[in-house]
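One letter stands for each residue in the lines below.
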Amino acid sequence: MERKIPLPMLILAILGFCYLLFPILVVVLAGLTTGEFLTFPPKGLSLRWVISFLNSEKYLSAFFFSFKLALMTMIVSTILGTAAALFIARSRFVGRTALRAFFLSPVVLPGVVVGFALYAFFITSGLGISRTIWGLWIGHILYSTPYVIGTVGASLATFDVSLEEAARSLGASPMRAFRKITFPNIAQGIQAGSIFAFIVSFGQFEVSLFLSAPNSEPLPIAMYNSLRYKFEPDAAAAGIFAITLVIASVLLTNRLVNIRRLLERQDG
Amino acid sequence: MTKATAVRASGLSQHQFKWLLVVPLVAFFVLFFVIPVGLLFATSFNPAKVGQVALVSDLTFDNYIRFFSRSNYLIAAGRSILLASIVSVITLIVAYPMAFVIAKTENPARNTFLLILVLASMQLDMVIRLYGMMVILGDNGLINQILQSMGLTDGPVALMYNFRGVVFGLVQFALPFMILTLVGVIMGIPPSLEEAARSLGASRRRAFMRVTLPASMPGILSGSLLVFALSISSYIVPALMGGFRVGVLPIHIYQQVAESARFQFGATIAVILFLISATAVAVYLKLGKRSSGGLA
Numbered sequence: 005m006e007r008k009i010p011l012p013m014l015i016l017a018i019l020g021f022c023y024l025l026f027p028i029l030v031v032v033l034a035g036l037t038t039g040e041f042l043t044f045p046p047k048g049l050s051l052r053w054v055i056s057f058l059n060s061e062k063y064l065s066a067f068f069f070s071f072k073l074a075l076m077t078m079i080v081s082t083i084l085g086t087a088a089a090l091f092i093a094r095s096r097f098v099g100r101t102a103l104r105a106f107f108l109s110p111v112v113l114p115g116v117v118v119g120f121a122l123y124a125f126f127i128t129s130g131l132g133i134s135r136t137i138w139g140l141w142i143g144h145i146l147y148s149t150p151y152v153i154g155t156v157g158a159s160l161a162t163f164d165v166s167l168e169e170a171a172r173s174l175g176a177s178p179m180r181a182f183r184k185i186t187f188p189n190i191a192q193g194i195q196a197g198s199i200f201a202f203i204v205s206f207g208q209f210e211v212s213l214f215l216s217a218p219n220s221e222p223l224p225i226a227m228y229n230s231l232r233y234k235f236e237p238d239a240a241a242a243g244i245f246a247i248t249l250v251i252a253s254v255l256l257t258n259r260l261v262n263i264r265r266l267l268e269r270q271d272g
Numbered sequence: 006m007t008k009a010t011a012v013r014a015s016g017l018s019q020h021q022f023k024w025l026l027v028v029p030l031v032a033f034f035v036l037f038f039v040i041p042v043g044l045l046f047a048t049s050f051n052p053a054k055v056g057q058v059a060l061v062s063d064l065t066f067d068n069y070i071r072f073f074s075r076s077n078y079l080i081a082a083g084r085s086i087l088l089a090s091i092v093s094v095i096t097l098i099v100a101y102p103m104a105f106v107i108a109k110t111e112n113p114a115r116n117t118f119l120l121i122l123v124l125a126s127m128q129l130d131m132v133i134r135l136y137g138m139m140v141i142l143g144d145n146g147l148i149n150q151i152l153q154s155m156g157l158t159d160g161p162v163a164l165m166y167n168f169r170g171v172v173f174g175l176v177q178f179a180l181p182f183m184i185l186t187l188v189g190v191i192m193g194i195p196p197s198l199e200e201a202a203r204s205l206g207a208s209r210r211r212a213f214m215r216v217t218l219p220a221s222m223p224g225i226l227s228g229s230l231l232v233f234a235l236s237i238s239s240y241i242v243p244a245l246m247g248g249f250r251v252g253v254l255p256i257h258i259y260q261q262v263a264e265s266a267r268f269q270f271g272a273t274i275a276v277i278l279f280l281i282s283a284t285a286v287a288v289y290l291k292l293g294k295r296s297s298g299g300l301a
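Going down the list, the sequences are from chains C and X.
Under this note's numbering, think of the first position of the first sequence as 5, with each following residue one higher.
Under this note's numbering, think of the first position of the second sequence as 6, with each following residue one higher.
Bound conformation, chain C alone (with noise of 0.2 Å):
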């Protein structure tokens, strides 16, 4: 019986990951690197760069100030995307795949420009949040709520309305319907929407370039106004412990829901 993968697309997918995953690889070894940088081969390792990260006031603050934007994020985002892909799931509402796609649009469209626009919002509608926590976390809940639509309405997708239709047939009201039956249900789509809102929002650099300011930045701003000059060790141990943050949402994510699932509809 021959292979059900051909061994050319096997080498080459296998390649692809390479490409994929060395430079995630680099960033550890760089960030447990004995010497001032990696070299090739390298010299040894040592957590010498990671004491220096947590002692360095740059990425330290930058850390916990993107651990903070992105809780706060996480909430709101969770929230207001919840709700929506409840009423897109459940409205028979003409218009409801285009607004979907108007809530899905942010993640495709430059980060840069919607920073931009917000940017000049703030100042001349004179909110007086420009370059202030406040300002980067309304950008940050554009681009992350997306993802909580996108989870939720999964879950919504493979949950069964004729239980909730039970319920309520059976006397319940609408609201206890939905809270005995449907919640309990989504609960896992909606917690792994807020992971992906939080690891987005963690991540995020584009939206941020313009709404940050010199002396809170988020841990992407900062990474990369030092890596313009120089490659410092630590901001590649500052990388570890965010590559780390990442993993393990990824894998929460996978015990809540059916990944593979949360492809299948992603045209949908």
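Calculated directly from the structure, the hints in this document are not laboratory data.
Treat the hints with care, as some may be off.
[Unchecked claim] Each computed BS3-like pair below joins lysine-lysine, with the alpha-carbon atoms no more than 27 Å apart:
#	chain 1	residue 1	chain 2	residue 2
1	C	234	C	47
2	X	109	C	8
3	C	184	X	23
4	C	184	C	62
5	C	62	C	72
[Said to hold, decoys possible] Partial chain C-side listing against chain X, Cβ under 7 Å, derived:
#	residue
6	116
7	203
8	218
9	221
Idealized CB from N, CA, C, for every residue including glycine.
Once you have looked at the hints, place chain X on chain C.
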């Protein structure tokens, strides 16, 4: 009206307050997305005045005339489009075998593991991934160290701070999006199609070229448009991998606004970039609708 819809009609779906669910997000998007982008469009029609952000009532096409009459901006627009097109093609070539292998891996644990790798790299902050790319491709980077220790080159080979470097970086950035789009489509192709071709005597290669590849066409088209839109919009990749030597539209926007305080002209470039990207997205959405109805 069937029984089921009659029951549903009494449920949450027909209830008056279901609108309340979507009102907050609509309000948020109108206030912080539609209005700011709309004002940006308006700003681009204001006379250029350094340092001024506020809108004025004078309308002019001067900024657009300036954009389309200066060769360096036209070249930047052309370079952006060329870059995004090259990246779409290369990303497709690199991603297709990866997506094919993921889609054909039947062992659920192994399949999930591969998807987790793709998703985790997609979610990881681009600055961190570019740090890795720069350590690999720099003049003193790993590839140049290896080439020199093997005596293949005398001086360093310039792998970044040029157009090539930006392409390398953007492909790394766009790969997960292309893979995820293709996996969905390839998984949806019934294996019986290829089996039928094989049983009629087609070689494996011929069956793939004549059946599987054409059947993945909707995914190939929508994935390429998605990658085009994402890579033409990227600031961080040209900034770091091009070292500001590859002047694409997002770099020009930042320079006009943050370095020269020319808000009106910055807005003009932003509008042009926004329209190019939105066109690609609109075609993507249109294709997505047709392909989901057409294939099955």
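Given the hint that residue 234(C) pairs with residue 47(C), does the C-alpha gap stay at or below 27 Å? holds (20 Å)
Given a cut of 7 Å on the nearest C-beta pair, is the interface hint for residue 218(C) held or broken against chain X? violated (12 Å)
When the nearest CB of chain X is found for residue 203(C), is that gap smaller than 7 Å? Status holds, d = 5 Å.
Taking the closest Cβ pair, is residue 221(C) under 7 Å from chain X? violated (12 Å)
Take a quick look at whether residue 184(C) and residue 23(X) sit within 27 Å of each other, Cα to Cα. It holds: about 18 Å lies between the C-alpha atoms, which stays within 27 Å.
Given pair status - residue 8(C), residue 109(X), alpha carbons within 27 Å: holds (7 Å)
Between residue 184(C) and residue 62(C), is the straight-line Cα distance small enough, at 27 Å or below? Distance of about 47 Å is beyond 27 Å: violated.
Classify the hint on residue 116(C) as holds or violated, based on whether any CB of chain X lies nearer than 7 Å to its CB. Constraint on residue 116(C) satisfied, holds at 5 Å.
Agreement of residue 62(C) and residue 72(C) with the hint, judged by alpha carbon distance not exceeding 27 Å: holds (16 Å)
Hints 4, 8 and 9 from the earlier list are contradicted by this structure; the remaining hints agree with it.
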